[in-house]
Amino acid sequence: KLRATDCTAKCVVVGDFEADKCRLLQAAAGDRSHCHNGNDFCPGVFENRTVDVDIGLSEDGPVSLSLWDTTGLENYDRLMALIYPETDVFIICFSLTSPQGWRRVLEKWHSELRQNCPDAAIVLVGTNLEQRNSAMTSSLASSSMM
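Going left to right, the sequence shown walks through residues 71 to 216 as my numbering numbers them.
Hints were generated in silico from the structure; no laboratory data involved. The model shown is predicted, which means the values in this text are computed figures rather than measured ones. Incorrect hints may have been included.
Said to hold, decoys possible - Cβ-Cβ distance ranges computed for the label pairs, FRET-style:
#: 1; residue 1: GLU177; residue 2: CYS77; range: 34 to 44 Å
#: 2; residue 1: GLN201; residue 2: THR78; range: 26 to 36 Å
#: 3; residue 1: ASP189; residue 2: ASP147; range: 30 to 40 Å
#: 4; residue 1: SER134; residue 2: ILE192; range: 14 to 24 Å
#: 5; residue 1: ALA98; residue 2: HIS180; range: 30 to 40 Å
#: 6; residue 1: PRO155; residue 2: GLN201; range: 26 to 36 Å
The beta carbon of each residue, even a glycine, is placed where N, CA and C say it ideally should be.
Produce the entire structure from the sequences given, and follow the hints as far as they go.
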């Protein structure tokens, strides 16, 4: 549990570009007006936002989440590492339609986050569920990668 003095938790969302991090963060911030439907381009780096949500981690009520998006930085490890300090929670996104995405969770993202922030919580989020009926998703599930 967070102490009463810790009313804001830094939450950094990472993952490969095709994991649709931008859409996830826009929805979390309550901004559905810019969420794309998979055919539209999601604009560059998401502005960091702070939202109040009752996630049950503070005995004093809602905890503010400072949401950090890394869209556009996936291939810039040095820049990514500058965002990591003082992160309380990482969300690793991966596309449910991409076997490579799951491999990158295991081979890159998880080890990188543990190396840089060993005490931060990590949450895995599979995205693109609306495309779950595709052949690749069926192949992914049957190969027991999930």
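These are the hints, each one checked on the structure:
no.	hint	in the structure
1	GLU177 - CYS77: 34 to 44 Å	holds (36 Å)
2	GLN201 - THR78: 26 to 36 Å	holds (34 Å)
3	ASP189 - ASP147: 30 to 40 Å	violated (21 Å)
4	SER134 - ILE192: 14 to 24 Å	holds (20 Å)
5	ALA98 - HIS180: 30 to 40 Å	violated (21 Å)
6	PRO155 - GLN201: 26 to 36 Å	holds (35 Å)
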